[in-house]
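Protein chains: 4
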Amino acid sequence: MAGLAALSAAAQSKIVTESIQSGKLGCEQKYNVYLPDGYDAAKSYPVIYLLHGLYGDYSNWVQMGGMKIIADELIGTGELCPVVIVMPNAGDNDVHNYQNGYFNVKDWPYEDFFFQEFLPAVEQKFNCGGSKGKRAVMGLSMGGGGSIAYAQRHPELFSSAYGMSAWLDNKQREVRGTGKPESKLTLTDESVRKHSTLDFMDNADEKTIGQLKTVQWFLDCGDDDSLMPLSVELHLKMKKAGLHSELRVRNGGHTWEYWHTALRESFPFASRNFCR
Amino acid sequence: MAGLAALSAAAQSKIVTESIQSGKLGCEQKYNVYLPDGYDAAKSYPVIYLLHGLYGDYSNWVQMGGMKIIADELIGTGELCPVVIVMPNAGDNDVHNYQNGYFNVKDWPYEDFFFQEFLPAVEQKFNCGGSKGKRAVMGLSMGGGGSIAYAQRHPELFSSAYGMSAWLDNKQREVRGTGKPESKLTLTDESVRKHSTLDFMDNADEKTIGQLKTVQWFLDCGDDDSLMPLSVELHLKMKKAGLHSELRVRNGGHTWEYWHTALRESFPFASRNFCR
Amino acid sequence: MAGLAALSAAAQSKIVTESIQSGKLGCEQKYNVYLPDGYDAAKSYPVIYLLHGLYGDYSNWVQMGGMKIIADELIGTGELCPVVIVMPNAGDNDVHNYQNGYFNVKDWPYEDFFFQEFLPAVEQKFNCGGSKGKRAVMGLSMGGGGSIAYAQRHPELFSSAYGMSAWLDNKQREVRGTGKPESKLTLTDESVRKHSTLDFMDNADEKTIGQLKTVQWFLDCGDDDSLMPLSVELHLKMKKAGLHSELRVRNGGHTWEYWHTALRESFPFASRNFCR
Amino acid sequence: MAGLAALSAAAQSKIVTESIQSGKLGCEQKYNVYLPDGYDAAKSYPVIYLLHGLYGDYSNWVQMGGMKIIADELIGTGELCPVVIVMPNAGDNDVHNYQNGYFNVKDWPYEDFFFQEFLPAVEQKFNCGGSKGKRAVMGLSMGGGGSIAYAQRHPELFSSAYGMSAWLDNKQREVRGTGKPESKLTLTDESVRKHSTLDFMDNADEKTIGQLKTVQWFLDCGDDDSLMPLSVELHLKMKKAGLHSELRVRNGGHTWEYWHTALRESFPFASRNFCR
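Protein chains in written order, with our numbering: chain A, 1 to 276; chain B, 1 to 276; chain C, 1 to 276; chain D, 1 to 276.
Worth flagging that the hints you see were computed from the coordinates, not collected in a lab.
Predicted model, so just to flag it, every value in this text is computed and none were measured.
Treat the hints with caution; some may be incorrect.
Copies of the same chain look alike in the list, so a pair counts if it fits in one copy or across any two.
To be verified - Heads up, simulated DSS-like pairs for lysine-lysine below, C-alpha to C-alpha not over 27 Å straight-line:
1. Lys-125 x Lys-24
2. Lys-30 x Lys-43
3. Lys-132 x Lys-237
4. Lys-213 x Lys-106
5. Lys-14 x Lys-239
6. Lys-237 x Lys-106
7. Lys-239 x Lys-207
8. Lys-68 x Lys-239
Next comes chain A alone, as it looks inside the complex (with noise of 0.2 Å):
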């Protein structure tokens, strides 16, 4: 009496939550891989890193933002090849009282931490990614803009870099948490407008600008969401650089709707630029 609950197959895939001890960081790290249906570790598969946004952990994409279906629904069309998902942690939430972000800030290296330490475990434990024709990033809000930057600063390692809603600058924004200036959201206020991609690209030199050609770049933003106008003049500047930038601006605001229904373009986008 199976009912109509198996009126169509479903895929296996899965979402496995774990945790590295980072030293850098001096704590554990949590964070949700999702294994493609099929997934056999002696097989050796594709990276996507998946970025939460301010205030989010990594359970967010899982639970919110309704990543597995898209993914499962979009390998079974072939848009997206079999990959492995890794939604990493960017803060500390057991600890410390606020977010922390994607950069290094005071007693919190985190991009450090990403890159000499959870990237290297996380592809050997689940034998994906390893160059850059098979690794990708994207992200939200906060992990939008940390995807680019990631991307500008490291474009050895990634394919392709997609920023929805993207918060991609810091100049034009107070500084929140005045008065607490120790504070870690003001730590991650001043650690974007540090990294502004927008800064990067006008400071890019002839060498930078040649090495941004070889990822692939899009931005997504609704029309509604104020961050929107970062996307627009991030676009324009890659463009005039000669880089391949894409940019949407779609219906909608900064919402979990908008970046769910992101999905369906961002994942296709990472999937036709590993390397064949």
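Please build the complex by placing chains B, C and D on the supplied structure of chain A, with the hints as guidance.
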């Protein structure tokens, strides 16, 4: 310190949970209601009845179907007019151990309850509907079949009907729960068989066809859904009879992702068929 | 022996080519009109003005833009109500050697012609429009700018305006045709500069803003189109002023494919903003 | 004075018209070829065969289907890899007065011509295809049926097949042109009947099914197209046999607009199924 949470304005729509004491069913029935941003009880609204599937309840469309965020977005663009959306409960999960469906079965006159008790009460309470031109019905699976059957049997009440992954007929299926002929699920199965929407078309006389032409019909089912041929068959019968029927077969199975995205088609469809 | 040609019914809509003798322009002006399937001169219809771009003429939307097949399809699904679609001619290709645009320039009072001669005549002849609630304007490139400017300058006449790849301002462009200050193209350039839709927003007083709020605005421009920043800038100005503006940046350039597919958004947009 | 014509860069792809002298058919056969931007005869490309419908010819996809602008756009985003697209001629409009189709009929061994003369010659001439993993076939109506039948009968040659509004079987149709048993159209009708893709599935033994599993299948037909049930039926037979089949029923009839938009699905489908 508003943070990034307020990067776009959110609609002030509401979900309210209500209940009605049914004399016919002899129990209380809960339901959810979506009230649009700026809802004003002094104004009159059109109404959409949004039906859940087998094993489900009145809470599904909010909790699993993400109906609120889609309704908000489509009202924002004007693709959906400001509307009251009513999500009834088809079963009685507290008292009986099985689903009961949308039709009258032994000791459970649900269709009578729906049209004689529920619909009048909710439309009065929320100042919505009141006439065919301001009323639509839609739903998924068992609720998709229920939507089509309700509009077939009460064409004077609905301007449009939209079936998602609809359970439209039961002739080619085994009666489930055999050996338990009195089980609720057996009754549900038998009632779908008895109210076959395909048979309804085969048996419709000229006068009935004339009435059915006053309703706009839409069938939408996934290419991996084993119920899909039913939607195709009904669409062909309706077209042959001169009814206005739309059919879509999109990628997917019998899943919440399919129904979530179906709302982007079904809500505007209902809206543009409300009388002007 | 009907062959496969009759495998689906075709809408019996019509394109008719008409002309009007303009006293203001001192010449005859041709235009195309789309009349929907079942058009009945005894009934009243809403009207859409669909404007062509620089170097184009009244025939473009039919011959290069494929507007008929899209209008037929969208009327078939109800996404567009039965409507008269008027495609005027912005230039005078027979007499002058350059395009003239949608504004009054020296010896070519086109805007006067449009509102004082053309619009009243065509609406009477085809029994369409007649009021703001039954009138929309849209167009591509120079005609996109013209659409937005017309609705800014005559908000009492249009319920909605949709600019595709719109030429909204000319301040950052060289005056073309320098050395030929009297050339028609120079006049067109100067007139776009003079009627900048961006400046219009900057200069609008409170009363004007109040009038602009009665119009629904939509800007749609490709991510590879060098005019795109103008649409973004105007959208931001309109949002800031509290107007209802939608912005889309889709993939593409300044091409007929972009405008052809834009009709799938612009026609329903106009339709749902006609008064009920 | 570049004007607005150069507001976005255009791809430098080309359509070239060629012809081949066929010994088997005893006549010359023209065909069109799409060469992507940057085509370099020294490199090797995958190939797509894009087939026209009844009463059509090799020029249709360019002149009426707008295939160039869609291919350019999709190659631009990477959704379609740089590919040679070959548009053959199925008839012999100069000599005979009727269409002849894609199969061998009396005095017209077209299938032999296609596989023994045409395909080898064109792939050598344009340095494309050469193996199953670099070859796809797709087409509309009679060419949709031809595409599916070719891949059924030559599964070792194609990685994917996509039928648009496909004429897949002829059993339920009257033989047209009765009274003229020797007419070309009668021969075409009979050949579609004889090569029924539905019968092919019914009659396929285990070994054949195994070969069909190496091809990716896609059927796409409008909800107002009288051929639609054929696509549904074939999809169900293929799914039942364990083949990878996709089905879409979108809005529309048997029209060029349907086929034009189908290319947005069919080109990426072919591309992602080319071998890596």
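Each hint, compared with the structure:
1. Lys-125 x Lys-24: within (19 Å within a copy, 60 Å between copies)
2. Lys-30 x Lys-43: Result: close within a single copy only, 24 Å intra versus 47 Å inter.
3. Lys-132 x Lys-237: within (23 Å within a copy, 41 Å between copies)
4. Lys-213 x Lys-106: For Lys-213 and Lys-106, neither the intra-copy (32 Å) nor the inter-copy (48 Å) Cα distance is at most 27 Å.
5. Lys-14 x Lys-239: Between. Shortest inter-copy distance 25 Å satisfies the 27 Å Cα cut-off; intra-copy 38 Å does not.
6. Lys-237 x Lys-106: neither (31 Å within a copy, 39 Å between copies)
7. Lys-239 x Lys-207: So Lys-239 and Lys-207 pass the 27 Å test inside one copy only (16 Å; across, 40 Å).
8. Lys-68 x Lys-239: between (33 Å within a copy, 24 Å between copies)
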